[in-house]
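Engineer: Sequences listed follow chains A and B, in order. Note that my numbering gives residue 105 to position 105 of the first sequence, counting from 1, and the numbers run on in steps of one. Note that my numbering gives residue 80 to position 80 of the second sequence, counting from 1, and the numbers run on in steps of one.
Any given hint could turn out to be false.
Computed cross-link-like contacts, DSBU-like style, restricted to lysine-lysine with a CA-CA straight-line distance of at most 35 Å [what the hints assert, rightly or not]:
#1 LYS79(B) to LYS17(A)
#2 LYS69(A) to LYS57(A)
#3 LYS57(A) to LYS17(A)
#4 LYS42(B) to LYS2(B)
#5 LYS69(A) to LYS18(A)
#6 LYS79(B) to LYS97(B)
#7 LYS97(B) to LYS71(A)
#8 LYS18(A) to LYS65(A)
#9 LYS45(B) to LYS65(A)
#10 LYS71(A) to LYS57(A)
#11 LYS17(A) to LYS69(A)
#12 LYS69(A) to LYS97(B)
#13 LYS45(B) to LYS97(B)
#14 LYS2(B) to LYS97(B)
#15 LYS45(B) to LYS57(A)
#16 LYS69(A) to LYS2(B)
#17 LYS17(A) to LYS65(A)
#18 LYS45(B) to LYS79(B)
#19 LYS69(A) to LYS42(B)
#20 LYS79(B) to LYS69(A)
#21 LYS57(A) to LYS42(B)
#22 LYS2(B) to LYS57(A)
#23 LYS71(A) to LYS2(B)
#24 LYS79(B) to LYS65(A)
#25 LYS45(B) to LYS2(B)
#26 LYS18(A) to LYS2(B)
#27 LYS71(A) to LYS17(A)
#28 LYS97(B) to LYS17(A)
#29 LYS79(B) to LYS2(B)
#30 LYS65(A) to LYS97(B)
#31 LYS69(A) to LYS45(B)
#32 LYS18(A) to LYS42(B)
#33 LYS18(A) to LYS79(B)
#34 LYS42(B) to LYS79(B)
#35 LYS18(A) to LYS45(B)
#36 LYS57(A) to LYS79(B)
#37 LYS42(B) to LYS65(A)
#38 LYS71(A) to LYS79(B)
#39 LYS57(A) to LYS97(B)
Simulated from the structure, these hints should not be mistaken for lab results.
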Amino acid sequence: EAQVTQNPRYLITVTGKKLTVTCSQNMNHEYMSWYRQDPGLGLRQIYYSMNVEVTDKGDVPEGYKVSRKEKRNFPLILESPSPNQTSLYFCASSSGQGYSPLHFGNGTRLTVT
Amino acid sequence: RKEVEQDPGPFNVPEGATVAFNCTYSNSASQSFFWYRQDCRKEPKLLMSVYSSGNEDGRFTAQLNRASQYISLLIRDSKLSDSATYLCVVKGDSSYKLIFGSGTRLLVRP
Numbered sequence: 001e002a003q004v005t006q007n008p009r010y011l012i013t014v015t016g017k018k019l020t021v022t023c024s025q026n027m028n029h030e031y032m033s034w035y036r037q038d039p040g041l042g043l044r045q046i047y048y049s050m051n052v053e054v055t056d057k058g059d060v061p062e063g064y065k066v067s068r069k070e071k072r073n074f075p076l077i078l079e080s081p082s083p084n085q086t087s088l089y090f091c092a093s094s095s096g097q098g099y100s101p102l103h104f105g106n107g108t109r110l111t112v113t
Numbered sequence: 001r002k003e004v005e006q007d008p009g010p011f012n013v014p015e016g017a018t019v020a021f022n023c024t025y026s027n028s029a030s031q032s033f034f035w036y037r038q039d040c041r042k043e044p045k046l047l048m049s050v051y052s053s054g055n056e057d058g059r060f061t062a063q064l065n066r067a068s069q070y071i072s073l074l075i076r077d078s079k080l081s082d083s084a085t086y087l088c089v090v091k092g093d094s095s096y097k098l099i100f101g102s103g104t105r106l107l108v109r110p
């Protein structure tokens, strides 16, 4: 089954404790992206990647890191989480061509205390 | 000005009603357009793509007006299960990047 898998689904952590949210897709998609969603602000792009070893900042990259060492994986790293990073996070992938849609993971609800 | 703008709603309509949402975009070079549906606390899912000639999928009709830079979604014979947030999505001119509107919330009441 074609899918984007994110883990964990829920995460509660404390300020400053490094964490990684994993994202994996099995569709051989070139394009992968991370979004955060906050009430009233919609989906905002954090980072995206157009292929292996190619990453770029989205609209709200501060406080986040990503890597794309393999085509299927695109982890999101918070080196020193802060309470303003409490949010709902989505990973998504696409072939990137024309009208190809984004496929989303189930989301990760992160709380930083 | 936001790149993609939507009326946040909520639109509160009775079952069986027809409801329409509009979305405006600022980049005239945008090439691809979509409507996504998002249920509460769940991931967005593609509802339909929006083609230049307009397209229909059952009770849903999408239109694109390039001259005025807006897209629309029409839902006929609303069902309770249509209650969700509808996201307008625009793809840029030369990149893979998709830009999301903030969404329009629809509530269909019995």
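Engineer: Are the hints correct? Go through all of them and say.
Structural biologist: We went through each hint and held it up to the structure:
1. LYS79(B) to LYS17(A): Cα-Cα ~45 Å, so violated.
2. LYS69(A) to LYS57(A): Holds, at about 17 Å.
3. LYS57(A) to LYS17(A): Answer holds: LYS57(A) to LYS17(A) is near 23 Å, not above 35 Å.
4. LYS42(B) to LYS2(B): Within the cut-off at roughly 24 Å; holds.
5. LYS69(A) to LYS18(A): 20 Å, holds
6. LYS79(B) to LYS97(B): 32 Å, holds
7. LYS97(B) to LYS71(A): 17 Å, holds
8. LYS18(A) to LYS65(A): 11 Å, holds
9. LYS45(B) to LYS65(A): 26 Å, holds
10. LYS71(A) to LYS57(A): 18 Å, holds
11. LYS17(A) to LYS69(A): 24 Å, holds
12. LYS69(A) to LYS97(B): 20 Å, holds
13. LYS45(B) to LYS97(B): 17 Å, holds
14. LYS2(B) to LYS97(B): Holds. LYS2(B) to LYS97(B) sits at ~15 Å (cutoff 35 Å).
15. LYS45(B) to LYS57(A): 24 Å, holds
16. LYS69(A) to LYS2(B): Holds. LYS69(A) to LYS2(B) sits at ~33 Å (cutoff 35 Å).
17. LYS17(A) to LYS65(A): Cα-Cα ~14 Å, so holds.
18. LYS45(B) to LYS79(B): 18 Å, holds
19. LYS69(A) to LYS42(B): Status holds; Cα separation ~28 Å.
20. LYS79(B) to LYS69(A): Outside the cut-off at roughly 45 Å; violated.
21. LYS57(A) to LYS42(B): 24 Å, holds
22. LYS2(B) to LYS57(A): 18 Å, holds
23. LYS71(A) to LYS2(B): 32 Å, holds
24. LYS79(B) to LYS65(A): Distance ~42 Å between LYS79(B) and LYS65(A) Cα, so the pair is violated.
25. LYS45(B) to LYS2(B): Distance of about 22 Å is within 35 Å: holds.
26. LYS18(A) to LYS2(B): 33 Å, holds
27. LYS71(A) to LYS17(A): Holds, at roughly 27 Å.
28. LYS97(B) to LYS17(A): This hinted pair holds, its Cα atoms lying about 31 Å apart.
29. LYS79(B) to LYS2(B): 31 Å, holds
30. LYS65(A) to LYS97(B): Holds: LYS65(A) and LYS97(B) sit about 18 Å apart, inside 35 Å.
31. LYS69(A) to LYS45(B): 27 Å, holds
32. LYS18(A) to LYS42(B): 25 Å, holds
33. LYS18(A) to LYS79(B): Violated. LYS18(A) to LYS79(B) sits at ~45 Å, over the 35 Å cutoff.
34. LYS42(B) to LYS79(B): Since the Cα atoms of LYS42(B) and LYS79(B) sit roughly 19 Å apart, the hinted pair holds (cutoff 35 Å).
35. LYS18(A) to LYS45(B): Roughly 30 Å separates the two Cα atoms, so the pair holds.
36. LYS57(A) to LYS79(B): 40 Å, violated
37. LYS42(B) to LYS65(A): 24 Å, holds
38. LYS71(A) to LYS79(B): 40 Å, violated
39. LYS57(A) to LYS97(B): 11 Å, holds
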